[in-house]
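Trainee: The primary structure of each chain is shown beneath.
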Amino acid sequence: MSADEVLGVENVDAGYGETTILRDVSLSVEAGEIVSMVGRNGAGKTTTLRTINGILSPDSGRVTHRGDDISNLDPAATAKRGVSLVPEERQIFPELTVRENLQLAAHGGAEDTDSMSVDEAIGQFSNLGERTDNHGSSLSGGEQQMLAIARALVAGADVLLLDEPTEGLAPQIVDDVVDIVRDLNDRGITVLLVEQNVHVCLELADRNYIIDQGTVVWEGSSERLRNEQEILDRYLGVTV
Amino acid sequence: MVEALVQQLLDGLTVGMVYALLASGLSVIFGVMNVINFAHGELFGLGAYFALAVVSPLGGVGFYLALLVAPLIVGGIGVLIERFTVRPLYDRNPLYHILLTFGLVLIISDLVILVWGPEPTSLSRPEFITGTFDALGGSFSRYAVFMIVFGSIVTAGVWAVLNYTRYGLIVRAGAQDRRMVRNLGIDIDQYYSLVFGAGAALAAVAGIVIAGRGQVTPGLGSAFIIPAFVIVVLGGLGSFKGAVLGGIGVGVLQESVIKPDFPAIDGFTLVPALPQFDGMIIFILMIGVLVLRPRGLFGSEFNEESGQLLVGADRSLLTDRQRQFLGVGTVGLLALLPLASGSLLEPSTVEFLMIRILIWGLFALSLDFIMGYAGLVSLGHVLFWGLGSYTAGTVLTNATESVLVAAAVALAVGTAVAYVVGYLSIRVSGVYFAMITLGFAELYHNLVIDIDGWIQDGWLHTVLTAVPGVDSAMLVDFELTGGSEGLFGFSTFYGVGDIGVHLDGIAVYLGPVTLTDRLLLYYIILSVLVGSFFILRRILNAPFGAVLKGIRENETRVQFLGYDPTVYKRRAFVISGMFATLAGVLSALSNPFVSPGAAEWLKSGEVIIMVVLGGLGTLFGPLIGAFVFFGLEEIIQDGVVFDSLRGLLTLVGLSGVADTIPDFTRRWRLVLGTVFVLFVLFLPSGLVSVPAKLEPYLPDRFRPTRATPAEQPTARGDD
Amino acid sequence: MATTGDPAADARESTAMLRTEGLVKRFGSFTAIDEVSLTVERGEFRSIIGPNGAGKTTLFNLISGALDATEGAVYFNGEEVTDRPPEKRIQLGMGRSFQISNVLDGLSVRENVRLAVQATRRDSYGLLESLFRPTDRYDEINEAVDRILEQVGLAAVAEETAAALPYGDKRRLEIGAVLATDPELVLFDEPTAGMSPEQTQETVDLIRDVLAEQSLVLVEHDIELVMELSDSITVLNRGEVIAEGSPEAIANDPEVQDAYIGGAEL
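Protein chains in written order, with my numbering: chain A, 233 to 472; chain B, 4 to 722; chain C, 18 to 283.
Next up, chain A with everything else stripped away, as it sits in the complex:
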């Protein structure tokens, strides 16, 4: 373990009931990094995030945060440590307003970090500013994604677990999400990103893990990955 490691997954097996999804997965995220997990759907990326976040507990192996074993913490406890999941479905509260979604987050999460305030979040995410009194259910996909990220920050996240943040978004909005994530990272937020869109990963990530059938099959920097056409094809493309 390096001294700067914020998040560690060590030889984890995990799954649902009798179905094992992850087999001996190990990965490590250092402070200030953006690390991506890429792979086809069904490869085990979301399961990895859920195991870190505490919705699932590893069947074997362990998950650490700043050196402490968090394998058996529940999602609330994990979030209180500043590790916050932004789920794939975004899970905006449909009947709360945008402001209430953020206020709720301000009541939860980490106590010791200096989290973003509700007003800062509304200022930061400009497109939310105009919609503070609208219900969550009336937001577009892009707005929901922005709100989901903002909510995690207001809850005091210093490690963001982003699950497919660009899924189903128009190219223009994808660019906005990429800008926001880079911006946050510049301000010291560590990011573990799950993406199917390899361009997004290459653009953002310092390092990438390729997951296939529940195991890590490749690890390396974005520059290296860009030049590994064979790897890209084998694990992510459709060429045989």
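Check each hint, because a few of them may be wrong.
[To be verified] With a cut-off of at most 25 angstroms between alpha-carbon atoms, the simulated SDA-like pairs for lysine to any residue come out as follows: (1) K244(B) / I405(A); (2) K696(B) / D323(B); (3) K244(B) / S358(A).
[Claimed, not checked] A short list of chain C residues far from chain A (calculated; beta carbon distances all over 12 angstroms): (4) R164; (5) A172; (6) E237.
It should be emphasised that the hints constitute simulated quantities derived from the structure, not laboratory data. Don't be surprised by glycine CBs; every beta carbon is placed ideally from N, CA and C.
Following the hints, put chains B and C in place on chain A, whose structure we already have.
Mentor: Just chains B and C now, kept in the frame of chain A:
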């Protein structure tokens, strides 16, 4: 005229306020925790009694203090209930909460009688809110106005807390998506106790309001809980707005629109017959709303989290052969029982207790057929018991003495009603199904009380006299149900035409043993039960039963094998209704009288208890449940156990402790409720699961030889 | 799309096993399936692939009747089934296997298969028989059950409770139950999800073995598997069909590559 209208409106608003306070707590508790709290009505009653405890020593002025203190105490009790009984059940099917809180109803209602006695007491009020005041040219009840204002303030306060505080925000978010609340680092579970406590406190406020209007009686809770549930369902489960608007709406509708006859208003008769439907209107409303809009008026889409399956996997230590042997042995023993009557057993044991157990065993069996095998929890099964009893009673009173004819008519009526009720109910599922069946049963309960009045001089009288050949004199004394008195003194002839037997006065002498008419009746009932058992078992082993078991496991899967689950569930409901009707018929024959008690919702609860006590999803479980239920009642009422306990304590010199043991003989529901709550908490698969639980401790030769399935409970749901 | 103007093609469409015509499914303002028209021939093995959220499972739900289509039509075996409930489609010969193993856990392996066989023989017994004649006295059904248990290799564990089966055997049972409904077309939703490579191979062999005659439609993530098995492939992205053709054609389609590796130009 204006005065009368305003007064009626005030009455409606007062009752509406009570409903709103009661229903909003229920609804929010459901929204946040998915708990159906049947004990809410008892908490409501407790509010009134604690107010009494405060007011009695202090006099009328104490009333204001009581409004503050009683809700706090009841809220505290609510917190304790949540923490120690509700909390362990969160990961189970929400239907377990119905069972648990029903047990709590039995406990609390008996505790109330134990502490405050069964007599109604009136709650004195301060001078200021007694009497009337003059305004608008009329005089109005001060109390009504005070209570409407006070209730509005409390409701607005709760609304403000929900909308403008951190606590309210978390509660509202929790009602929408619990998992995401946890993801944000909020321990939503910590808030459950508070929500439950706050709901209980609101119920207490409602209880005090209603007590100040009339009297405090032990039946207060059970009188209001059903309408409150109807309102929650009407307004949409989980919706605060729906509960408040629904509560006030129903209150006004009931008290201001339907109940008054508007005598003061000349030429202004809304619908003349409307007041005659007084108690029924909300049930009709609920059934109508659920059929047309299954989520209620203000309810949003919500997913019923299914949690653990209601039924444990059916596995037994006994081989089929051993089981058969045991079954034959039990029936043999039951058949020999009357021979011991009068010598080894008290005559009343077989003649009354055993007859009752067998009839209820049949009733429980019929419920288990849909609850344990098709996953349909009916809270209104008493409907069929009532139909059976009343139809048989009516036929025997008005048409013929033939029991066979009466039973045939009753079965035909029961089957037809089961088809219609099933047709309307099975399109909704889970909690809504439970509520809609309850609605039908309550509708029927009201009908049997009211219908004679309608025929004798009500709207039906008007309708029927219009039929040629029917004159008023024929109807005035006509008794279909006997109203709130019931039907008495019909005689029973076991046969058709002029072939058959009258059991009355018959005795068969077999040496030292004499079989009286009651003992012969016992044999008739025993054979009906055994016959029904075999018919149901046969059905479950046939293709139809195989589909039902499949539906219980996973309805979607069965649908994708090419079956229409709705059709199968409806047929199962009809079969179940037939056997429940039969149980009702037997009950009328064995008494022989029928009273509205035969259609009371508590019976539906009791039969559910028996099924769960014995073991859902096994045919012999409900029979064991009925036996244990009444056996326990008998033992408690007999008092021997408690007398010996007192004797024992006195003997060892603890007479002080012995004196503190209350007289449980009349409080058997308290003991039963406690036993039941313990069952739900610790033995959810019922008594039949005891051998399997003991299995690890058994010597090898008793263990089953076949491979046993994995220990973990089967989970329902496909993802 | 209804007519192509080519009489030969029209004739072929009318004898197709499965045909969808301009299928649309909207959830609120979100369009999950957008004007999807596809035709699966008798005996064809078709795979549907696409990135997460492309609408593959939704499409399956529309075809099998688990969801109602907002617009468009579904034809099965030449008959329109758009408004038919799932059980009717199954009765007409459509089979469906689920993404997560979906056997009836509390029943025995034999009962699971029997329930499926029984569904196809409903016309051979009346209501009273179905209520009162014990299941072990239907010889024809039970022989069929035995045959299927043999075929999927579960005869030895026929009396076990399904819950007690290891995961691989559960999938076998699932396939057996689908086979038992006597389908002409089977919709497979990720039959190998969560399996090791060996288990995957076993499952594929089993499907090829027991369902050789049927038309198959497969939703699958494992691209190698799809390339190996399919006669043709349909690629969905954001609810729309973006490509359709032989495995080779799809593998070399730049638009497909782009949809898979990432849709946005950066």
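Trainee: Failing hints, ascending?
Mentor: 1, 3, 6
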